[in-house]
Amino acid sequence: MKLLELLGYYNYWVFAITLMIGLYTVISKDNLIKKLIGLSIFQSAVFLMYITMDKVEGGTAPILKAGVEDQIYSNPLPQVLILTAIVVGVSTLALGLAIIVRINECYGTIEEHEILDAD
Amino acid sequence: MIIVFALFLLTLLVITALAIVRSENLFVSVMLLSIFSLLMAANFFILDAADVALTEAAVGAGVTTVIFLSALALTTEREKQQATAQHVALGSVCILAALIIYATFDKPRLGDPEAPVHQHVAPWYLEMTPEHIDIPNVVTAVLGSYRGYDTLGEVFVVFTACIGVLFILGVRPPEQSAKRTAESGGLRHHLIPQVVGRLLIPFIILFGLYVQFHGEYGPGGGFQAGAIIATGVILYALLEGEGAALAAIPRPVLLGLVVGGALLFGAVGIACMLMGGAFLDYSVLSADPVLGQQLGIIIIEAGVGMAVCGALLSIFHAFAARESQP
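Protein sequences appear in the order of chains A and B.
Just so it is clear: in the first sequence, position 10 is 10 by the numbering used here, and no numbers are missing.
Just so it is clear: in the second sequence, position 268 is 268 by the numbering used here, and no numbers are missing.
The list that follows gives simulated cross-link-like pairs (lysine to any residue, SDA-like), each with its CA atoms no further than 25 Å apart:
1) A:LYS35 to B:THR76
2) A:LYS35 to B:ALA97
3) A:LYS35 to B:LEU72
4) A:LYS35 to B:LEU18
5) B:LYS107 to A:THR60
6) A:LYS35 to B:GLU77
7) A:LYS65 to B:PRO123
8) B:LYS107 to A:GLN43
9) B:LYS80 to A:GLY96
10) B:LYS80 to B:ILE35
11) B:LYS107 to A:TRP13
12) A:LYS65 to B:PRO113
I should point out that these hints are in silico values taken from the structure, not numbers from a laboratory.
Throw the hints in and build the complete structure from the sequences for me.
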């Protein structure tokens, strides 16, 4: 396989690695805020995969230019999905953080094993 | 040249993610997460997704960081040392990563025009947008009109999350009286952030409004504009204290923006039905179907902008108000 062709997969490899870094943080860290940070990384990795799929070789952002005939445009659909997902992501993240703040008020800690011990 | 830059940015992304996980200070992790978002936004821009890059920069690097920091102020900044090593977790994610990387060799290469994702409905959107809606930005056309149902759903998810945060943080903290301490003064005593911030805020808000109303012609729209304007107001709150920001835009106005924005979106859909079309079929809004589509998109984008801006600011104030309690 040619080197350039292999480089075409580099985005997907970065997606796989960041996805797994996020997953590792979620499953292995005890601190609840750290878990949410991991979840954000996980989410961003998924966004990267979708946006990678929208790219068309020689294309440009899907904003049509009047009077230009043979311009190639990248795929607008994954962009629409991810655009809204980012804003929804921050709202749900805030909901998670609000729950953690309440947990901290009730248990005095945000470490998972200490909370389980207290129960 | 651009491919070398892209590889560099992607490698930085992985390094930043590793640093976020390894850092034991949560404050450092959150600041690195902000850098991670900014790098991600640059990557999105290289991959031709200007709208998404704008959103990620405003939301990921701006609003998310502020919300994380306000949560840290309410909890703790240091992560406790973990007693046990996580060999099983590390082993399993390494195996999973290897499996996913192995699976990517079956995926179409980056930029392959023959990839299945480019064969289905996307070319139709690109081809028919000038005829149906006649606005240059196809992303806005798909977001507002072709897939208006999705967007309506997303706006209501934002709305629901905002209401959830207000309910969870709205109750008084246990064993504490509700007596409020003196309002925090923000950064009023720091001259340089004060002067620079004051200079920047009007331009941030102006840019937000530009992004809102220019969303049909360039990268932009309600989601980005709402986030950018919210960032500007949050900056004002950080500089002048939360009280000053609440005096400028009181809580009922914010709630009105959230509810009004979501309702405006839904009302456009109902109006379409009353005028004889299908739900969210804007063509019937005007005698000329193309004009009707444009009108519908402008109104729903305004609704989206109001809802997102109001929701993000309400969430910020919910966290900030809890901080100023003793």
